[in-house]
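Q: What follows is the residue order along each chain.
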Amino acid sequence: MSEAVSTAAKGRARGAGRPGPIRLLLNNTLAASGLVLLVLIIAAALLAPLLPLPDPDATAPADRLLRPLTEGHLLGTDALGRDILSRLVWGTRVSLAVGISATLIAAFFGSLIGLVAGYAGGRVDAFLMRGIDMVMAFPYILLALAIVAALGPGLLNALYAIAVVNIPFFARNIRGITIGLSRREFVDAARLSGKSNAGILFGEILPNVLPVIIITMSTTIGWMILETAGLSFLGLGAQPPQADLGSMLGEGRKILFTAPHVSIIPGLMIFALVMSINLLGDGVRDVLDPRLKSGALTRPVARTAVERRTVPETRTHGDSVLEVADLNTEFHIGGDVYRAVGGIDLHLKQGECLGIVGESGSGKSVTAMSLMGLVPTPPGRITGGAAWLDGEDLFAVSDERIRALRGADVSHVFQDPLSTLHPLFTIGDQLTEAIMAHRPIRRSEADARAEELLRLVRITNPAERLKVYPHELSGGMRQRVCIAMALANDAKIIIADEPTTALDVTVQAQILSLMDTLRRESNAAILFITHDFGVVSAVCDRVAVMYAGRIVETGTTEEVLNAPAHPYTRKLIDCVPVLGEPGRRLDAIEGRPPVVNDLPPGCAFAARCPRVKPDCRRGHIALSSLGDTQAVRCLYPLTGETADD
Amino acid sequence: MTDTPLLEIDTAERVFGGGRTLFGKSLPAVHAVQGISFDVRRGETLGIVGESGCGKSTLARLIVGLDTPTSGAITFDGMDLVAEARRDPQKLAQRVQYVFQDPVASLNPRKTIRTILEAPLKHLLGLDRGAREKRLRELMEAVNLAPEFLERYPHEFSGGQAQRIGIARALAADPELIVLDEPVSALDVSVQAQVLNILDDLKKTFGLTYVFISHDLSVIESVSDRVAVLYFGRLAELGASERIFSAPRHPYTHLLLKSAPVPGKRSLIPEDANTELPDPYDPPQGCAFFARCPRGTDRCKSEQPPLEAAPGHPGHMAACHHPVEENEDA
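Chains as they are written, first to last, in this note's numbering: chain A, 45 to 689; chain B, 102 to 431.
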């Protein structure tokens with residue numbers, strides 16, 4: 045229980061580090077100014093009965109058309125001598141009330157129709173949505189006019205008309221989201237938990253749709269007020285003598301040239317009201333929309349920020365194409381610092397394949413992305429270390445140089461080829477683009493080179509395949525195209541980030557064989573990131589095992605697989621079922637990896653390690669050599685005789 | 102383990118699409134599952150293995166009644182499962198449950214774990230508040246999670262913990278059969294082992310029957326008593342786990358076993374072999390594996406191979422005209 049309390053406290057502390065929705069909204073200057081203006085307007089409207097205002101409907105023919113700033117009439121009077129300020133405040137009150145009620149009515153019925161249509165699908169959906177289509181087929185003002193014409197002029201009828209006209213907007217929006225949500229697994233799970241359709245629709249789907257309804261409402265209120273004003277302007281809304289912004293505008297229209305203030309003042313009010321609501325609505329959307337919340341609004345810069353506190357000077361592996369020394373990459377989110385990579389040393393010889401193995405969150409991908417500055421900034425930054433590509437420090441070179449190196453000397457193959465390839469361009473376009481970005485050659489030469497590349501990755505009939513789009517190829521074929529693209533400019537290093545994880549086993553085996561052959565033919569070095577020791581065995585010469593942002597063990601593939609020295613490596617190998625050994629009880633690793641914003645002192649694996657001793661939890665533990673090639677970050681490494689205990 | 106089948110599937114078929122347009126033009130149809138027959142015995146784990154697009158998940162949804170077969174029969178403990186799913190889905194859900202592939206997506210992000218786990222207790226078992234509280238504690242203990250977690254939301258959990266909640270939800274109604282659709286493939290390897298071990302313990306404690314679906318051969322081998330290999334919506338091979346893994350008869354099973362990465366083994370697969378599946382809108386007349394098969398003949402091209410038992414092993418069936426015999430090397 046005490047553990048739960050402490051983690052809960054920690055959760056709150058973390059919550060304080062990340063700004064809440066209200067603070068995010070206030071940080072947005074435009075939204076905040078919209079909010080202030082709106083609050084002022086609403087306050088004035090709400091307080092209208094208490095304010096020392098003259099009766100808005102009291103006519104005084106003697107004082108007609110007084111200019112603003114006249115004694116007793118701050119904003120002047122209208123054609124009947126009524127005080128404009130008073131009418132403005134009372135009119136705003138009416139306009140706001142109508143706009144908000146119309147929005148609520150439209151949101152309620154529109155969302156209900158959208159939810160039912162999206163969830164039920166089939167005939168119900170077709171019937172409801174065709175009805176909505178019919179409403180949409182008329183221009184909105186025409187429809188509103190027709191409704192008012194049928195029901196008779198009046199504010200309440202105008203309200204109904206505006207609500208009805210806006211129902212389709214909500215219905216279509218909500219239907220789209222509901223369709224997506226009702227195919228989700230949690231809906232199936234609720235069904236298997238015995239929930240009825242109504243229970244699922246209102247208990248499971250509605251809570252997930254609610255933010256969208258609120259966002260849609262916040263962006264429509266302004267529009268509704270405008271429409272109300274429109275109808276009143278035409279004389280179909282508020283009836284005299286009642287004040288309403290639209291009817292005030294209408295009354296002032298006839299005397300626009302003799303007494304412009306009568307129409308300009310309500311016009312400005314409508315402008316201020318609608319503008320403030322829209323600014324606030326946009327701000328609310330930015331805060332609530334999950335896509336924008338995920339950081340899509342913070343555009344990362346083209347290259348990871350480098351703020352090195354320490355810069356290693358000497359290279360120790362002179363013969364390597366790539367050498368990484370003491371690489372540190374951090375993510376600064378809110379008040380927290382996530383040390384994703386905490387001091388990585390690597391080296392890669394020409395034609396060598398180094399596997400980086402680790403679980404999710406171990407920092408293996410961030411290590412690879414750091415090399416070419418592909419870690420998004422903000423929030424990521426490289427805070428230490430160096431990466432030498434043929435003696436050139438990648439963290440010190442210019443942006444222009446990095447751009448020239450990306451896709452040329454260092455290329456990437458990612459996990460999901462479908463999201464790596466652009467869906468709207470043919471394979472040929474994308475390959476030639478990759479070639480021509482780095483070489484000043486003619487299109488025809490680039491085409492020939494692209495064809496040659498496809499042949500290289502064993503794609504049959506390459507000339508024809510250049511003309512197809514990514515979706516026309518199978519997953520294995522797409523990954524072959526990505527490999528071809530990585531080879532397009534005679535890369536020295538290919539960074540392959542889980543390139544076969546999304547593929548079927550038979551396809552995976554072929555892609556692995558292909559990569560193995562190609563690196564021997566082209567002599568490119570491969571940095572191969574994976575979580576699977578089976579895959580490592582298939583292609584890698586050496587392997588580095590990562591845990592919580594550090595390398596805990598490195599060595600040749602044979603050494604690490606046959607005689608793992610770090611207890612984590614041993615456990616990681618033993619917890620995977622191996623084909624041909626079905627009887628073995630899996631040796632699970634209990635617990636979870638530490639979070640990298642709160643790393644324990646000493647060994648990060650200590651909490652889960654069966655061999656832990658008190659000194660494991662103190663001080664820095666260095667990577668110590670065990671023979672020529674193997675090294676381990678452990679005070680009590682497993683040796684041959686203790687490996688089985 | 103007894104030999105009475107708990108679940109019998111008889112030539113189940115599921116076609117997506119098809120039908121005709123308003124003007125009588127026929128629409129393209131995909132046979133996701135075709136002519137699949139097998140049974141699951143009480144207390145066993147039947148592993149179903151196959152690559153993407155082979156119909157594993159469609160089959161799983163048919164078994165739990167989330168989907169209805171286009172033709173064929175599914176019988177659960179002597180009762181017509183398809184009819185029951187339509188008539189009284191809650192009664193079926195009490196006996197057959199499902200564990201989803203993506204643990205986080207299968208939990209509603211806006212509900213606490215308590216609300217999620219209480220749903221089956223309330224709707225399927227109709228327990229009162231006190232009984233629910235007691236059962237919740239039992240469930241959390243069964244999947245090795247602290248009871249404090251009940252008040253939290255799904256996003257606060259790691260994949261492994263979320264999957265354990267998914268398993269607890271499936272267990273809640275005390276079912277007899279649980280269909281596990283790739284329950285560990287979204288998890289990290291160290292967590293995968295935790296979940297596999299929990300599943301193994303639960304099966305023993307509660308006397309469950311599992312249908313375990315996975316694309317990972319080594320996982321299937323470690324959990325299954327019997328194994329069904331699917332290819333392109335059809336059953337390629339079916340038999341006891343040790344037979345399938347030691348003496349596979351279908352060339353596709355051979356290819357799968359040869360392709361699986363094993364620590365300490367370098368790949369032996371040629372890198373340019375054909376890996377394309379046939380076009381699902383235009384399925385071949387004969388064996389779907391023909392284009393990739395090293396043993397294919399003209400007969401395979403024109404004639405669909407029936408599921409036939411291996412000589413001397415009546416429970417070991419393969420759908421192949423030229424199966425690999427035990428003493429030869431494919």
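Hints were generated in silico from the structure; no laboratory data involved. Incorrect hints may appear among the rest.
[As the list claims (entries may be wrong)] Computed, partial: chain B to chain A, Cβ under 7 Å: (1) N245; (2) L246; (3) L318; (4) A361; (5) V363; (6) E377; (7) D380.
[Claimed, not checked] Straight line, CA to CA, 20 Å or less: simulated SDA-like cross-link-like pairs of lysine to any residue: (8) B/K366 with A/H575; (9) B/K192 with B/D203; (10) A/K298 with A/N322; (11) B/K366 with A/R564; (12) B/K402 with B/E427; (13) B/K359 with A/E625.
Predicted, not measured: the structure shown is a model, and the values here were computed from it. Every residue gets a Cβ at the ideal spot worked out from N, C-alpha and C, and that includes glycine.
Q: If a hint holds in the structure, say so; if it does not, say that too.
A: Hint check:
About 10 Å separates the beta-carbon of B/N245 from the nearest beta-carbon of chain A, more than 7 Å, and the hint is not met. Hint on B/L246 is violated. Least Cβ distance to chain A is approximately 11 Å, over the 7 Å limit. Restraint check, B/L318 versus chain A: the minimum CB separation of about 6 Å is within 7 Å; hint holds. Because the beta carbon of B/A361 sits about 5 Å from the nearest beta carbon in chain A, less than 7 Å, this interface hint is met.
Interface restraint check for B/V363: the shortest CB-CB distance to chain A comes to about 5 Å, inside 7 Å, so the restraint holds. Given the 7 Å rule on beta carbons, the hint for B/E377 holds: about 6 Å separates it from the nearest Cβ of chain A. For B/D380, the interface hint is violated, the least distance from its beta-carbon to any beta-carbon of chain A being 11 Å, above 7 Å. For the given pair, B/K366 sits about 16 Å from A/H575 by alpha-carbon distance, which is consistent with the 20 Å threshold.
Between B/K192 and B/D203, the direct Cα distance comes to roughly 25 Å. Violation of the 20 Å bound is thereby established for this hinted pair. Between A/K298 and A/N322, the direct Cα distance comes to roughly 30 Å. Violation of the 20 Å bound is thereby established for this hinted pair. The suggested pairing of B/K366 with A/R564 holds, with an alpha-carbon distance near 18 Å, which does not exceed 20 Å. For the suggested pair B/K402 and B/E427, the alpha carbons sit about 24 Å apart, so the restraint of at most 20 Å is broken.
Under the criterion of a C-alpha separation no larger than 20 Å, the hint pairing B/K359 with A/E625 is consistent with the structure, at around 15 Å.
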